[in-house]
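Go by the hints and put chain H onto chain D.
The lines below spell out each chain.
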Amino acid sequence: NAGVTQTPKFRVLKTGQSMTLLCAQDMNHEYMYWYRQDPGMGLRLIHYSVGEGTTAKGEVPDGYNVSRLKKQNFLLGLESAAPSQTSVYFCASSYLSQVDGYTFGSGTRLTVV
Amino acid sequence: GENVEQHPSTLSVQEGDSAVIKCTYSDSASNYFPWYKQELGKGPQLIIDIRSNVGEKKDQRIAVTLNKTAKHFSLHITETQPEDSAVYFCAASIYNNDMRFGAGTRLTVKP
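Listed in order, the protein sequences are those of chains D and H.
Each residue of the first sequence is one higher than the last, beginning at 2 in my numbering.
Each residue of the second sequence is one higher than the last, beginning at 595 in my numbering.
One or more hints might be untrue.
[Said to hold, decoys possible] With a cut-off of at most 25 Å between alpha-carbon atoms, the simulated DSS-like pairs for lysine-lysine come out as follows:
(1) Lys662/H / Lys616/H
(2) Lys704/H / Lys636/H
(3) Lys636/H / Lys72/D
(4) Lys10/D / Lys636/H
(5) Lys10/D / Lys631/H
(6) Lys72/D / Lys10/D
(7) Lys662/H / Lys631/H
(8) Lys652/H / Lys704/H
(9) Lys662/H / Lys651/H
Think of the hints as simulated: they come from the structure by calculation, not from any bench.
Next comes chain D alone, as it looks inside the complex (with noise of 0.2 Å):
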């Protein structure tokens, strides 16, 4: 049972390019999560997606895209990157039944320069 993967794991971009994180996971969940982590700051919400077509704003949207065109599936993808958008994207799937405790993946550290 993989979980939630993440590809890829490392990426250096330059300052306008585009790229697309990866997400997929095996556990059925409907929720699934972008999530980026930045020192001292702990996580902050990205976007997320409550099912198979469905996707919403989180905390700090400004600069991404996201898509669920499968449930298993959640594509993050920059169209401009910036050296503001160096960070570490952590992806992450729940149960919709209830509040309940996140999956994350193992994170992709991104770095635009």
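Below, chain H alone, put in the same frame as chain D:
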């Protein structure tokens, strides 16, 4: 929205001692309070959680207490071991999509 504050930001203890991390939250409607442990290079992992209808919960060497009146909750680790060294995050939420995390506590257990 919910605001979660976590203290201390760093904590160093001797192996075998106890460690306590404290969090406060702002929204009295919050009803779910998880704690996550993040080891170097890995994602956060849920270690224990508590719901608002319970005042204390234990799981072996870890325990969490909740004071709804004061809007604070704490993580207690007893008989600390070097493998407890990690960053610990508290969080609070009402619904699945509004979980807010504290800034984290870096715990170091010295052998």
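Evaluated hints:
Among the hinted pairs, Lys662/H with Lys616/H is consistent with the structure: their alpha-carbon atoms are about 14 Å apart, no more than 25 Å. For a cut-off of 25 Å, the pair hint linking Lys704/H to Lys636/H stands: about 21 Å separates their Cα positions. Straight-line distance between C-alpha atoms of Lys636/H and Lys72/D comes to about 24 Å, which keeps the hinted pair within the 25 Å bound. Between the alpha carbons of Lys10/D and Lys636/H the distance comes to roughly 11 Å, so the proposed pair stays at or under 25 Å and holds.
This hinted pair checks out: Lys10/D and Lys631/H have alpha carbons roughly 20 Å apart, not beyond 25 Å. A distance of roughly 22 Å separates the Cα atoms of Lys72/D and Lys10/D; the hinted pair therefore holds under the 25 Å criterion. The suggested pairing of Lys662/H with Lys631/H holds, with an alpha-carbon distance near 23 Å, which does not exceed 25 Å. About 24 Å separates the Cα atoms of Lys652/H and Lys704/H, which keeps this hinted pair within 25 Å; it holds.
Restraint check: the Cα-Cα separation between Lys662/H and Lys651/H comes to about 14 Å, which is no more than 25 Å; the hinted pair holds.
Violation of the numbered hints given earlier is absent; every hint is satisfied by the structure.
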